[in-house]
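J.: Listed below are the residues making up each chain.
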Amino acid sequence: MKVEQRPTSSTPEEALDDKSTLLALYREMLLIRRFEEKTAEMYQRAQIGGFCHLNIGEEASIVGTISALRKQDYVYSTYREHGHALAKGITANAVMAELFGKETGTSRGRGGSMHLFSQEHRFYGGYAIVGQALPIACGTGYAITYKGTDEVVMSIFGDGATNIGGFHEALNVAKLWHLPIVFVCVNNLYGMGTAVNRASAVTEIWKKACAYDMTGERVDGMDVLAVRRITDQLVEQARERHEPSLLECVTYRYRGHSMSDPDTYRGKDEIKEWQGRDPILSLADHMKGQKLITDQDIQRIDEEITRQVEASVEFAEQSPEPDPRELYRDVYAEGAA
Amino acid sequence: MPVLTIRDALNQALREEMQRDENVFLLGEDIGLYDGSFKVTRGLWKEFGDRRVLDTPIAEEVIIGTAIGAAMAGLRPVAEIMTVNFIMVAMDQVVNAAAHLRYMFGGGTAVPMVIRTPGGGGHQLGAQHSHSHENWFAHVPGLKVVAPGTPADAKGMLKSAIRDNNPVMFIENEGTYAVKGEVPEGEHLVPLDQNDIKRQGNDVTICAHSRMLVVAQEAATELEKEGISAEIVDMRALRPLDMTPVIESVKKTSRVITVEEGWRSFGVGSEIASRIYEEAFDYLDAPVARIGAAEVPAPYNKKLEKIAFPGKADVIVTARALLGKN
Numbered sequence: 006m007k008v009e010q011r012p013t014s015s016t017p018e019e020a021l022d023d024k025s026t027l028l029a030l031y032r033e034m035l036l037i038r039r040f041e042e043k044t045a046e047m048y049q050r051a052q053i054g055g056f057c058h059l060n061i062g063e064e065a066s067i068v069g070t071i072s073a074l075r076k077q078d079y080v081y082s083t084y085r086e087h088g089h090a091l092a093k094g095i096t097a098n099a100v101m102a103e104l105f106g107k108e109t110g111t112s113r114g115r116g117g118s119m120h121l122f123s124q125e126h127r128f129y130g131g132y133a134i135v136g137q138a139l140p141i142a143c144g145t146g147y148a149i150t151y152k153g154t155d156e157v158v159m160s161i162f163g164d165g166a167t168n169i170g171g172f173h174e175a176l177n178v179a180k181l182w183h184l185p186i187v188f189v190c191v192n193n194l195y196g197m198g199t200a201v202n203r204a205s206a207v208t209e210i211w212k213k214a215c216a217y218d219m220t221g222e223r224v225d226g227m228d229v230l231a232v233r234r235i236t237d238q239l240v241e242q243a244r245e246r247h248e249p250s251l252l253e254c255v256t257y258r259y260r261g262h263s264m265s266d267p268d269t270y271r272g273k274d275e276i277k278e279w280q281g282r283d284p285i286l287s288l289a290d291h292m293k294g295q296k297l298i299t300d301q302d303i304q305r306i307d308e309e310i311t312r313q314v315e316a317s318v319e320f321a322e323q324s325p326e327p328d329p330r331e332l333y334r335d336v337y338a339e340g341a342a
Numbered sequence: 126m127p128v129l130t131i132r133d134a135l136n137q138a139l140r141e142e143m144q145r146d147e148n149v150f151l152l153g154e155d156i157g158l159y160d161g162s163f164k165v166t167r168g169l170w171k172e173f174g175d176r177r178v179l180d181t182p183i184a185e186e187v188i189i190g191t192a193i194g195a196a197m198a199g200l201r202p203v204a205e206i207m208t209v210n211f212i213m214v215a216m217d218q219v220v221n222a223a224a225h226l227r228y229m230f231g232g233g234t235a236v237p238m239v240i241r242t243p244g245g246g247g248h249q250l251g252a253q254h255s256h257s258h259e260n261w262f263a264h265v266p267g268l269k270v271v272a273p274g275t276p277a278d279a280k281g282m283l284k285s286a287i288r289d290n291n292p293v294m295f296i297e298n299e300g301t302y303a304v305k306g307e308v309p310e311g312e313h314l315v316p317l318d319q320n321d322i323k324r325q326g327n328d329v330t331i332c333a334h335s336r337m338l339v340v341a342q343e344a345a346t347e348l349e350k351e352g353i354s355a356e357i358v359d360m361r362a363l364r365p366l367d368m369t370p371v372i373e374s375v376k377k378t379s380r381v382i383t384v385e386e387g388w389r390s391f392g393v394g395s396e397i398a399s400r401i402y403e404e405a406f407d408y409l410d411a412p413v414a415r416i417g418a419a420e421v422p423a424p425y426n427k428k429l430e431k432i433a434f435p436g437k438a439d440v441i442v443t444a445r446a447l448l449g450k451n
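Chains as they are written, first to last, in this note's numbering: chain H, 6 to 342; chain V, 126 to 451.
In case anyone wonders, no lab produced these hints; they're calculated from the structure.
Misleading hints may appear alongside valid ones.
[As the list claims (entries may be wrong)] Each pair of labels, with its calculated beta carbon distance range: (1) H:218 / V:303: 51 to 59 angstroms; (2) V:146 / H:206: 41 to 49 angstroms; (3) H:94 / V:221: 39 to 47 angstroms; (4) V:182 / H:286: 52 to 60 angstroms; (5) V:251 / H:340: 38 to 46 angstroms; (6) H:326 / V:221: 20 to 28 angstroms; (7) H:340 / V:311: 48 to 56 angstroms; (8) H:295 / V:158: 53 to 61 angstroms; (9) H:52 / V:159: 53 to 61 angstroms; (10) V:365 / H:52: 35 to 43 angstroms; (11) V:159 / H:340: 48 to 56 angstroms.
We treat Cβ as the ideally placed atom computed from N, Cα and C, and that holds for glycine.
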């Protein structure tokens with residue numbers, strides 16, 4: 006499907022040009038790309054079970070948003086969340102081990118691809134019911150307000166979630182209760198195989214914010230710098246003024262909905278066209294244009310990251326399976342306040 | 126010992142726990158300024174203010190979701206859902222989220238929260254305000270489910286539920302809020318996993334909870350006049366289901382009646398009966414008799430409604446039949 010790519014609201018072109026920031030964004034996006042490519046390979050080798058949804062193509066939307074957060078800020082995500090977990094600082098080892106169902110995984114092998122979690126990184130989980138996590142994110146936002154601290158919650162979901170009741174309930178109370186939340190819609194144009202314009206009466210998702218008198222923004226989700234700039238603003242308004250917002254990142258997943266999707270509902274030309282605007286290659290070109298990086302640097306970084314991903318597979322392979330005697334572990338929490 | 130209604134016992138438990146622990150807060154529809162649909166939260170908003178007694182929109186999904194997200198971030202929310210019928214629109218949050226998050230995140234988080242909600246019929250409220258669904262929740266690993274039927278248990282179990290580190294479904298009953306009884310003052314905790322013999326007897330065991338506990342007690346008083354001695358086990362702890370007092374009682378009476386306000390099929394009585402067959406089959410002199418609501422959506426008409434829900438007469442007739450005294 007065709008989409009208008011220009012951001013609807015103009016955002017100031019603040020400088021985001023220091024080499025270390027750009028390199029960090031680049032490395033993070035490349036890590037997600039290489040990690041997901043390896044994940045696909047491991048899935049095809051039956052090392053990974055269940056459903057498996059990849060972030061390939063969406064790296065700018067992920068890194069541009071999450072890199073704007075502090076360590077103590079919270080992220081809620083969906084079942085397509087390997088990249089979000091990595092961007093929030095969880096190691097590739099822990100994520101890959103979870104995909105392998107191992108005890109060393111983020112969720113001790115009990116969650117799998119769709120249920121990564123880390124209390125330490127305040128990555129508050131991958132949720133596999135579309136739209137489920139938005140109301141939950143409101144609770145964490147309320148806890149921040151209740152305690153009077155200055156964290157921010159980022160609630161990330163797909164375009165499909167914005168047609169669900171919980172989306173509207175969550176945006177309503179976020180505004181009503183002044184919760185420090187940035188709602189991020191990763192609009193990859195398809196809810197499974199159904200295009201946005203076949204599922205939503207309003208195809209420019211950012212406009213749904215106006216029903217709640219909330220800031221709504223749309224950004225080119227293939228441009229990591231644009232995403233980062235607008236997210237910086239929205240995070241600041243959440244942190245400083247407890248003004249929630251809805252950010253729509255228009256992007257594309259190069260692969261099917263999940264590993265088992267034959268991808269028959271969209272044309273090969275469309276996929277090619279989006280791949281021509283690849284967020285990682287675009288940032289590399291930008292940095293080369295600024296003379297901040299050379300082709301040799303790019304190759305060296307790729308090799309480093311590829312080794313890191315290989316190491317995560319090795320770690321996952323060598324990690325122990327959960328102990329069958331611990332099947333019932335953690336159904337209930339012990340103790341009382 | 127002071128005599129309180131269940132309504133006031135619950136109110137006392139909420140107040141005491143809010144005073145005791147700054148992390149405890151309440152949220153729900155009309156629980157604040159309005160003082161609560163059934164007045165359980167009466168006076169708490171005036172005492173504790175907006176921050177700790179949060180009036181919400183009529184939006185059950187975000188009520189439960191807010192409780193979950195706040196619990197994961199360290200608070201102890203107590204959500205009120207005005208009636209259990211309304212929780213259906215938020216079942217995803219209750220079952221797929223609250224109950225399962227700890228396990229599916231490998232123990233990385235806990236969800237210490239309480240959902241208070243009343244069920245029960247008998248008020249001519251028809252098919253969307255009258256049912257009892259505690260069996261639905263008791264089916265789900267990860268939830269704790271309790272349904273007290275006396276003021277002392279209401280207070281003691283609510284205090285325990287608020288302190289528990291798990292999501293607790295605290296099922297109340299619109300028909301018991303005015304039930305009176307002695308309630309210990311101050312620190313009174315009733316465990317969430319212990320059922321309780323509420324009346325000693327030798328001839329027949331009656332398992333009942335919530336409003337049906339009241340019905341069972343009335344029936345037992347009449348049966349006594351006929352020379353039938355009924356023992357009543359209060360099934361206030363449904364998940365985890367404490368069968369110990371039931372099994373002990375069966376060994377004595379050899380006859381069991383289960384009474385629940387919900388439908389019998391796949392119900393609380395079905396589970397109790399199965400456990401008895403597994404654990405004490407040889408002690409039984411007759412099959413377990415299950416009493417429940419007529420398997421119809423609750424009717425509005427007063428006469429139809431009366432016959433749709435179980436009452437004292439059903440228990441009496443069933444007891445006589447079990448003992449061959451028709």
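J.: So, for every hint listed, does it hold in this structure?
T.: Checked hints:
1. H:218 / V:303: 51 to 59 angstroms: 43 angstroms, violated
2. V:146 / H:206: 41 to 49 angstroms: 46 angstroms, holds
3. H:94 / V:221: 39 to 47 angstroms: 27 angstroms, violated
4. V:182 / H:286: 52 to 60 angstroms: 46 angstroms, violated
5. V:251 / H:340: 38 to 46 angstroms: Because 43 angstroms falls inside the window, the suggested range holds.
6. H:326 / V:221: 20 to 28 angstroms: The hinted range 20 to 28 angstroms holds for residue 326 (chain H) and residue 221 (chain V), with Cβ atoms some 26 angstroms apart.
7. H:340 / V:311: 48 to 56 angstroms: 22 angstroms, violated
8. H:295 / V:158: 53 to 61 angstroms: 58 angstroms, holds
9. H:52 / V:159: 53 to 61 angstroms: 56 angstroms, holds
10. V:365 / H:52: 35 to 43 angstroms: 37 angstroms, holds
11. V:159 / H:340: 48 to 56 angstroms: Since the Cβ atoms of residue 159 (chain V) and residue 340 (chain H) sit about 35 angstroms apart, the hinted range of 48 to 56 angstroms is violated.
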